[in-house]
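Asks: In case you want the letters, here they are:
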Amino acid sequence: GSAGLSHREPRARQGHGEEGDEGCSRLYPGHIPTSPLQKALLAGGSAVMALYDPYRHDMVAVLGETTGCLALPNLRDKMKHHPEGYRILRERPRIRLSTLDMSRLQGLPDGSLGREYVRFLEDNKVSPDTRMPPKFVDDEELAYVIQRYREVHDVMHTLLGMPTNMLGEVVVKWFEAIQTGLPMCVLGAAFGPIRLSARKLQVLATELVPWAIRSGRNASCFLNVYYEQRWEQPVESLREEIGIFPPP
Amino acid sequence: AAALCPCGAVLARLGGPLRALCGSVRGLAAGTQTHFGFQTVTEEERRKKINQVFESVAKKYDVMNDSMTLGVHRVWKDILVHKMNPSPGTLLLDVAGGTGDIAFRFINYVRSARERQLQKKLRNHQNLSWQEISESYQEEQFKPLGDSQVVVCDINKEMLKVGKQKAQYLGYSEGLSWVLGNAEELPFDDDKFDVYTIAFGIRNVTRIDLALQEAYRVLKPGGRFLCLEFSHVSNPVISRLYDLYSFQVIPVLGEVIAGDWKSYQYLVESIRRFPPQEELKAMIEDAGFYKVDYQNLNLGIVAIHSGFKL
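Protein chains in written order, with my numbering: chain A, 1 to 248; chain B, 1 to 310.
Don't read these hints as lab results, they were simulated from the structure.
A couple of the hints might just be wrong.
In silico BS3-like cross-links for lysine-lysine, where the CA-CA straight-line distance does not exceed 25 Å [said to hold, decoys possible]:
hint, chain 1, residue 1, chain 2, residue 2
1, B, Lys48, B, Lys143
2, B, Lys60, B, Lys166
3, A, Lys39, B, Lys60
4, B, Lys143, B, Lys164
5, B, Lys77, B, Lys291
6, A, Lys39, B, Lys291
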């Protein structure tokens, strides 16, 4: 249904060059319906802007949304056919500071997922609340899938043992690209290394990327893990369960 | 609209304010509905939303203007100031002047006009003694702007902030002042200004009739009203292309460059909602202006309306 205050004037829809599905209303809060042409322009524009200004994380997000039309349904199906993934799709858990019990997680033993996740957030000075909500995905369930992917990203950093610098991000992108097939991850994995020094590139090419690819291929879908119910589980055990090889 | 009977002038004068009064009463009674782009909102909501739009876009305003119009907006603004043809000593009020584009052009224009004036004067003074020449340099007459002044008035603090920063960066200081104010209720006395301009601002005013009346009030007799605004394209082919560009490309540009789709969606919708050339001309006449005329730029994508207070 349409959101709260605004409603379209009937007069406005006649005779204006508004291509595409402006007629269909918002599917979720923050949804902006877009025509295929607009999506194409957004995809191109966001790709260029993301490369030009790496601090524009919103552009990376937009790129993911506008190019994910094949990969997202695939991911959603993978989740549907897995018992834990199916539960996630139904219960729609969110990883946010308001839903996490930070003090409890900090109190967990070292080596547990919860403890290491909190340590990761503190060390890298990041917060799960900075993830952009989806705007341009035209399906409400797929919007949740991409939101889940974004919120779980930091947990993946923890599981892969990678920091949030450029090198770490590229490695995580390689893993995610193999696992999800999202074009945004593939592009990020391919073009991210452009901004790295030669020495880092070497480490990347010889050790980190091969490991990321092996793990990505071996592991089951990382979106099918209900992380919120596994904070006590040791990281090593969770890695083994999913199929991620120990980081180099 | 001007009445046909001999007392037409008087009635036309009264008509505007009377209509505004009725409008206000109606507004108070019903919580007047107005438009925000293609949405229907109350006047209060509209003012708030527009305030938010400009707060949000202020920092990227100039970049976005260049991107959306491919730099052509600079030409439009140049044409406006050339049409104004201000002479040194002109007092200009630039309403909704936010980031200062018109004000800076005005200053440049009077500066060169002043230089030409001074050069002419000096050429006529070839046979002065050294004493007289040095005196003429010291006199107050050697004013680079010749007493011209521009007051930039805007309702939005963020836009004014960006404008002031730009002025500092570009080196404009003399003859320039910045005032926070509402076009519907200007903080100036009657009969003060020689020229009143409003460039791409009147579209965002909630009560255009009030803004026009205020313009009339603060202008001196003989003063000129100039309005540069997006208008109506009558050519059907160009109109289709323009609509396509507006609705498909501009919000995308807003998202990519400014991270703000919604403000630019509002922009293109508000252009469609704005009265076309003839209607705006009638509204300007209603406020009491004479010799009201308009000039289309780019086939009507933009129009300059002009009127005089006589």
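Asks: Which numbered hints turn out to be false for this structure?
Replies: Result: hints 1, 6 break, sorted rising.
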